[in-house]
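Chemist: Residues per chain are reported as follows:
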Amino acid sequence: MINPVTKDETGIITTRLDDMVRWGRKNSLWPLPFGTACCAIEFMGVVSSDFDISRFGAELVRFSPRQSDVILVAGTINYKLAPVLKRIYDQVPEPKYVISMGACACSGGFYDNYATVQGIEQFIPVDVFIPGCPPRPEAILDAILKLQERIAKEPVTKRGVPRRHEVVDKFRDNQD
Amino acid sequence: MADPKTFNIEDFVPRDGQERPRYSAKDFDGDVDPSRDDFNEGLTLPDINTQPMFINIGPTHPATHGTFRVYCQLDGETVEKAGVDIGYLHRGFEKIVEIKQYNQVIPYTDRLNYCSGLTNNVGYCKAVERMMGLEVPPRAIMIRVIIMEIQRIMDHMICCGANIVDIGALTNFWYFFNAREKLNDLLEALTGARLTYSYTRVGGLAWDLPDGWRDNVKTVLKGIPKAIADVRGLTQKNRIFQDRTRGVGVISQEDAMSFGWTGPTLRATGADLDLRKVQPYYGYENFDFDIPVGVNGDVFDRILCRIEEMDESLKIIHQAIDMIPDGPVIVDDKNVVLPPKQKVHTSMEALINHFKLVIEGVKPAPGRIYDAIETPNGELGFYIISDGSGHPYRIKVRPPCFYAMNTLKFLIEGGMVADIVAILGGLNVIAGELDR
Amino acid sequence: MADKQSTQHDAIVTALKSRFGEGIIDVDRAFGDCTFVVSKSAVHDVLAHLKDDHGFNMLMDMAGVDCMNLPSYRERFELNYMLYSVPNNVRVRVEVPVPELDMDVPTATDLWKSANWAEREAFEMFGFNFVGHPCLKRLLTHHEFKGHPLRKDYPVMAGQWCSSTSDMTEELNEPK
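If you read the sequences in order, they're chains A, B and C.
No gaps in the numbering here: position 36 of the first sequence is 39 in the working numbering, and each next residue is one more.
No gaps in the numbering here: position 377 of the second sequence is 360 in the working numbering, and each next residue is one more.
No gaps in the numbering here: position 37 of the third sequence is 480 in the working numbering, and each next residue is one more.
Keep in mind that the hints were calculated from the coordinates and are not lab data.
Note that CB positions come from ideal geometry on N, CA and C, so glycine has one too.
One should not assume that every hint holds.
[Stated by the list, open to error] Dumping the calculated DSSO-like pairs for lysine-lysine here, alpha-carbon to alpha-carbon at most 30 Å:
(1) C:Lys580 - A:Lys89
(2) B:Lys324 - B:Lys346
(3) B:Lys326 - B:Lys339
(4) A:Lys156 - A:Lys99
(5) B:Lys205 - B:Lys220
(6) B:Lys201 - B:Lys260
(7) B:Lys83 - B:Lys326
(8) B:Lys83 - C:Lys589
(9) C:Lys595 - B:Lys83
(10) B:Lys298 - B:Lys201
(11) B:Lys339 - C:Lys595
(12) B:Lys165 - B:Lys205
(13) B:Lys392 - A:Lys89
(14) B:Lys165 - A:Lys149
(15) B:Lys260 - C:Lys447
(16) C:Lys494 - B:Lys260
(17) C:Lys580 - B:Lys392
(18) C:Lys589 - B:Lys392
(19) A:Lys89 - C:Lys589
(20) C:Lys460 - C:Lys483
(21) B:Lys201 - B:Lys165
(22) C:Lys494 - C:Lys447
(23) A:Lys149 - A:Lys89
(24) B:Lys260 - B:Lys209
(25) B:Lys298 - B:Lys260
(26) C:Lys494 - B:Lys392
(27) B:Lys209 - B:Lys220
(28) C:Lys494 - C:Lys580
(29) B:Lys260 - B:Lys165
(30) C:Lys460 - C:Lys447
(31) C:Lys483 - C:Lys494
(32) C:Lys595 - B:Lys346
[Stated by the list, open to error] Derived, one-sided and incomplete: chain A residues facing chain C with beta-carbon distance under 10 Å:
(33) Tyr82
(34) Lys83
(35) Leu84
(36) Ala85
(37) Pro86
(38) Val87
(39) Asp115
(40) Asn116
The whole structure should be built from the sequences, with the hints applied where relevant.
Modeler: As structure tokens, then:
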């Protein structure tokens, strides 16, 4: 059996092991809420008992990048905060995922001006985009589910590396 | 060392009324005798060349509600010097509204203090209506008062909940948040949105109340005093809470006024300045409510002022909900209000009216105005300059927490690191408003 | 209440006109507000007089304006001070026309402490130079930003990337 992305040969034992690793990863995503603006308040609503994100394993919000799996960028990112976000993204250990929550993080929202980065994909690779201003808590839960579906299909090693390099290079070129 | 068999701790520990036993040097095997008067002299450590430590609190930190950075120079746990860096949520509100129309600015104002978006909407529309000389119908005014007071309760719930969480008490946050979700359901039924409502328009409100909304409000409000009482019971007389908040972040009334403080933080220092009482608008002079005023100006007073204000808001809502008059909810002026959709599709004049209003927008006469409103955070002011076209020439927002943040350096220098968190929570800094 | 405020405004207008004469260029009473247009050379004295003798103990806000696209204006820039008197419950506005080539304005930080950050923001957005300010630096935009964004000739969408977070030694050592 050949893994379509990495083109490695895999056997029956390693596929079972991969499935188990993927199951573990997707059901225990610890989010790092990088909340800046209004979407952070909606995220607080999702963590509360009415909508309860802990049913999906994502209950432990870890504010330290070293202890988290998924960065949930909730809110507007402006040019002043961009280097901070980049640095925190670099500090999260692999495997890491990024969810961009809200219109401002996805594309700058309706703040098309001198201060706001027009979408965090300009310098960080994003896995799931959640539109909305702010998105409903149900939409955030749906995003977690979609991310889980994605994790269930991806290769266990070497995830998304070429794409990440191309995004990071684009950011480096934008600097000068 | 003393012989373990004959060692008796009671020889060394004085009991009440007993004189301290005198030790001799041989009990300490050559070390210094603690009962000597010059005990501390011999034991002072020589200067071991300590260096101050510089740490960054923020911009992303669980205890800073909003993105800003406090850069501190520490000597152990004491803050020697501090510097505050803001602007991590600067979204260019004042630049982008210059290319929008007056009604298109309303969603931008929502996102200023996003915990109480409707209050900002009302403040902005009030300023534009005053500039244009529009007479908002009484039904719209009463509904605006009710929703502003509901937002006041919600904003104070978030602020006090987050403040108390930072001090260490997590349960209160959930009590407040559950109550807030029920209030949010009310506003969602009314406006359609959960956080950024954009319900007002220049001239009144976007649409009328849904059926049964008034009874829903009364039902929901029955559950709020219990949540407030729960939190009060857990914190007000709690020894730990009082130790963490009494005497912390004290500021005098003159200093607070010189720094431009308004709102519950200023009222905690003893000044009873509330725009709803001193410069009343929207019929607030007809309601019976009090202004809670603090004594010392510390964090305890600020939290308590907010909790008491929630009770006063409940009083106002109970009075107002029975007093809503009938009538239209928006002014009847062709230059300001879009005509009803049925007429647009059937009548030529209404179609042209609709077209002109959408393309060119509401056009106030050239002039300048500064208008302020009492939001849960303090005085939110809008300084609007109009040049006669449909786009505002300049809108300057007077954010209440900008001036509170200015003071942070003054409040935390000399205190401990743990106090920074308590003080920041008490100031209710919302980054959307601080940075615009 | 509005009548009481307008009688108080009348008293302040007569007091200021008799004391400062030609320093007060104009008085505007639209919408029930009272606005004094004051020349740049007299502004500090006028503000000090308002604070000490008329009880204006709160500087609510300072707004800069770029009047370039208005149909008629005195100088290109303008600085507005919004004052409020707590004991007398009266509001007043002071407008100062500032020419583009000479943007030095005396600072108001010795009168009201709230002027500290308000002046920093006015400097950053328009370029006013406040003489005597303890730490006149950028406040809201990042430290690598060039230009004054709220001027009418600064394009709305001209974003500038930032590559690092700022060094804060100057703010740290600012006197209290």
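Chemist: Determine for every hint whether it applies to the structure shown.
Modeler: A quick look at each hint next to the structure:
1. Straight-line distance between C-alpha atoms of Lys580 of chain C and Lys89 of chain A comes to about 25 Å, which keeps the hinted pair within the 30 Å bound.
2. For the proposed pair Lys324 of chain B and Lys346 of chain B, the alpha carbon gap of about 22 Å is at most 30 Å, so the pair holds.
3. Under the criterion of a C-alpha separation no larger than 30 Å, the hint pairing Lys326 of chain B with Lys339 of chain B is consistent with the structure, at around 15 Å.
4. Pair hint Lys156 of chain A plus Lys99 of chain A holds up; C-alpha atoms about 15 Å apart against a cutoff of 30 Å.
5. At roughly 25 Å between alpha-carbon atoms, Lys205 of chain B and Lys220 of chain B fall within 30 Å of each other, so this suggested pair holds.
6. For the suggested pair Lys201 of chain B and Lys260 of chain B, the alpha carbons sit about 25 Å apart, so the restraint of at most 30 Å is met.
7. For the hint linking Lys83 of chain B to Lys326 of chain B, the alpha-carbon distance of about 26 Å falls within 30 Å, and the restraint holds.
8. For the proposed pair Lys83 of chain B and Lys589 of chain C, the alpha carbon gap of about 25 Å is at most 30 Å, so the pair holds.
9. For the suggested pair Lys595 of chain C and Lys83 of chain B, the alpha carbons sit about 15 Å apart, so the restraint of at most 30 Å is met.
10. At most 30 Å may separate the alpha-carbon atoms for a hinted pair to count; Lys298 of chain B and Lys201 of chain B meet this at roughly 12 Å.
11. At roughly 26 Å between alpha-carbon atoms, Lys339 of chain B and Lys595 of chain C fall within 30 Å of each other, so this suggested pair holds.
12. Taken as a hint, the Lys165 of chain B and Lys205 of chain B pair is honoured in the structure, with Cα atoms around 11 Å apart against an allowance of 30 Å.
13. Under the criterion of a C-alpha separation no larger than 30 Å, the hint pairing Lys392 of chain B with Lys89 of chain A is consistent with the structure, at around 28 Å.
14. Of the pairs offered as hints, the one joining Lys165 of chain B and Lys149 of chain A holds, with about 29 Å between alpha carbons and a cut-off of 30 Å not exceeded.
15. Taken as a hint, the Lys260 of chain B and Lys447 of chain C pair is honoured in the structure, with Cα atoms around 15 Å apart against an allowance of 30 Å.
16. Taking the CA atoms of Lys494 of chain C and Lys260 of chain B, the gap is about 23 Å. The hint holds against a cut of 30 Å.
17. With a C-alpha separation of about 16 Å, the suggested pairing of Lys580 of chain C with Lys392 of chain B holds against the 30 Å cut-off.
18. Taking the CA atoms of Lys589 of chain C and Lys392 of chain B, the gap is near 27 Å; set against the 30 Å cutoff, the hint holds.
19. Among the hinted pairs, Lys89 of chain A with Lys589 of chain C is consistent with the structure: their alpha-carbon atoms are about 22 Å apart, no more than 30 Å.
20. Between Lys460 of chain C and Lys483 of chain C the alpha-carbon distance is near 16 Å, which keeps this suggested pair within the 30 Å criterion.
21. The straight-line distance between the Cα atoms of Lys201 of chain B and Lys165 of chain B is roughly 12 Å, inside the 30 Å bound, and the hint therefore holds.
22. For the proposed pair Lys494 of chain C and Lys447 of chain C, the alpha carbon gap of about 20 Å is at most 30 Å, so the pair holds.
23. A threshold of 30 Å between alpha carbons decides the hint, and for Lys149 of chain A with Lys89 of chain A the separation of about 24 Å falls inside it, so the pair holds.
24. Taking the CA atoms of Lys260 of chain B and Lys209 of chain B, the gap is about 27 Å. The hint holds against a cut of 30 Å.
25. Note on Lys298 of chain B and Lys260 of chain B: the hinted pairing holds, with a Cα-Cα distance of about 15 Å set against a maximum of 30 Å.
26. Distance hint between Lys494 of chain C and Lys392 of chain B is fulfilled; the C-alpha atoms sit about 25 Å from each other, no more than 30 Å.
27. Under the criterion of a C-alpha separation no larger than 30 Å, the hint pairing Lys209 of chain B with Lys220 of chain B is consistent with the structure, at around 17 Å.
28. Restraint check for Lys494 of chain C and Lys580 of chain C: the C-alpha separation of about 26 Å stays at or below 30 Å, so the hint holds.
29. Taken as a hint, the Lys260 of chain B and Lys165 of chain B pair is honoured in the structure, with Cα atoms around 29 Å apart against an allowance of 30 Å.
30. For the proposed pair Lys460 of chain C and Lys447 of chain C, the alpha carbon gap of about 20 Å is at most 30 Å, so the pair holds.
31. A hinted pair counts as satisfied when its Cα atoms are at most 30 Å apart, and Lys483 of chain C with Lys494 of chain C qualifies at roughly 17 Å.
32. Using a Cα cut-off of 30 Å, the hinted pair Lys595 of chain C and Lys346 of chain B holds, with the two alpha carbons roughly 21 Å apart.
33. A cut of 10 Å between beta carbons decides the hint on Tyr82 of chain A: the least distance to chain C is about 5 Å, and the hint holds.
34. Annotation: Lys83 of chain A was flagged as interfacial toward chain C, and the flag holds, the nearest CB pair being 4 Å apart, inside 10 Å.
35. Evaluation of the Leu84 of chain A hint against chain C yields a held restraint, the C-beta minimum of about 9 Å falling below 10 Å.
36. Using the Cβ-Cβ criterion of 10 Å, the hint placing Ala85 of chain A at the interface with chain C is satisfied: the shortest such distance is roughly 6 Å.
37. With its C-beta approaching chain C no nearer than about 6 Å, Pro86 of chain A sits inside the 10 Å limit, and its interface hint holds.
38. Because the beta carbon of Val87 of chain A sits about 6 Å from the nearest beta carbon in chain C, less than 10 Å, this interface hint is met.
39. Hint on Asp115 of chain A holds. Least Cβ distance to chain C is approximately 6 Å, under the 10 Å limit.
40. Residue-level restraint check for Asn116 of chain A holds (minimum Cβ-Cβ distance to chain C is 5 Å; threshold 10 Å).
Hint compliance for this structure: no hint is broken.
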